[in-house]
Amino acid sequence: MIEKGVISQGQFIILAVLYIIATSILIGPPLFVLAAKQNAWMGIIIGICFGVLHAWMYGILAKRYPNKTLIEFNESILGKWAGKALSLLFFIFFLILTSGLLRIIGDFITTSILTDTPIEAIEVTFMLLLILAVRLGLETFARTAEMVVPWVLIFFFLLTFCLLPEIEMKNLFPILEDGINPVIKATIYSLGVPFSDLVILLMIAPTVASPKKIGKALGIATFTGGFILLTIVLLAILVLGANSIIQINYPIYILAQKINIGNFIQRIEVLAGAIFFISAFIKSTISFYSTVVSFAHIFQLKKFENLTLPFGIVIISLATVMSPNIVYFNNFLSTTWVPFAVIFGSIIPFFLFTIDSIKGAMRNK
Amino acid sequence: MFYSIIILFISIGIGLLEIPKLLRGKLVRESLFYLLILSIGTFFCILLALDINLPNPVNWLTILFKPLTNWLNFT
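So the protein sequences, as listed, match chains A and B.
Residue numbers for the first sequence follow the working numbering, beginning at 1 and rising by one.
Residue numbers for the second sequence follow the working numbering, beginning at 1001 and rising by one.
Derived by calculation from the structure, the hints in this document are not laboratory data.
Bear in mind the structure is a predicted one, so any value in this text is a computation, not a measurement.
Any given hint could turn out to be false.
Said to hold, decoys possible - The calculated lysine to aspartate or glutamate pairs, modelled on EDC-like cross-linking and capped at a C-alpha distance of 16 Å, are:
hint	chain 1	residue 1	chain 2	residue 2
1	A	K303	A	E3
2	A	K303	B	E1018
3	A	K80	A	E269
4	A	K63	A	D356
5	A	K258	A	E269
6	B	K1021	A	E305
Given only the sequences and the hints, what does the whole structure look like? Please build it.
Written as structure tokens, this is what we have:
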């Protein structure tokens, strides 16, 4: 393990919660609603159950290899060469995840807030922030997360309470008009967008002071983050209606524009933007950190902080190349990204878990 | 053309700033990888600045995951 910092369990939970809500509250609602219309919320509830199962599986893996990151323990499970190959695949996954996140942040700012600014300017500025955060180390940004999480919660509750008068219950009906299949599809989407990505937290799991309780911490985080996501999706369905969500890129932003209390408190959509910026900063920092650390592990380098600047340049070019326009990118998210993330977040860890259990049972005989 | 020269200068500046530090700490392997990744990144950024169409890795992923995607949309 290269990282020398130690974070507490509470900080780990906060990082995980912010990691879950970051992109899912922004790009999640249109995806889920596209799959299951007004029944999307049921899909998310099932998704949370699966998320907790994932957390339990990751927790057991982290417990068996308390001092090893994901990249290191898959080498000790699969052997040197197969492990290295799998680690390289994980590295590519992290790289694409980081560039995609940068792209989502850039797209959101250029379409909603700074409409005349070129996207590259925003990506470069944000990348400099990420480089700074990773160079200062895991402990520093865990404390940053601890400092900013109250604001996310305050803005979230403010948004929720201000939207309660706008709710129309008729938007929730009819329930299950097309049977159960669309709900299952929404569940798969919810696995792809927030819950499977949690596998990346195994990269920082060994730095937690009590590695035996990772499973519990991840479970709590999945539950909290899932609850926030569920509330946002339910509010979007209840206030805007399923048919109009599909036509909007960022429902949470439009949702916050709807707030109007006595013609006095209006246009507080930047609060919704703030929830996203704060959590997206944490999420992209974690994924950028994991990209660099996994690279350093694979090629057995002694330091990873120095690699942040060159990787920043690579990620900026990848973020520009990967999406010619926002329609293409949204299409990529709703089709290819979901199976891609589910393979890396659910299926590969499940195989690692099974192989490791069989090996453990054979050793005990 | 102008932007690509600026990018080249920035990258050379970054390299000159950081690689000597790594070499002073006797981290030869690290500095080689540093140089490699920095050149890859600079190369792609310069191609982008010159408006040359680069192959999109996301397209390859889309082709690779086509069967799974189709199956997902079918159910």
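Against the structure, the hints come out as follows:
no.: 1; hint: A:K303 / A:E3; result: holds (9 Å)
no.: 2; hint: A:K303 / B:E1018; result: holds (13 Å)
no.: 3; hint: A:K80 / A:E269; result: violated (50 Å)
no.: 4; hint: A:K63 / A:D356; result: holds (12 Å)
no.: 5; hint: A:K258 / A:E269; result: holds (9 Å)
no.: 6; hint: B:K1021 / A:E305; result: holds (12 Å)
In terms of the numbered hints stated before, the structure departs from hint 3 and from no other.
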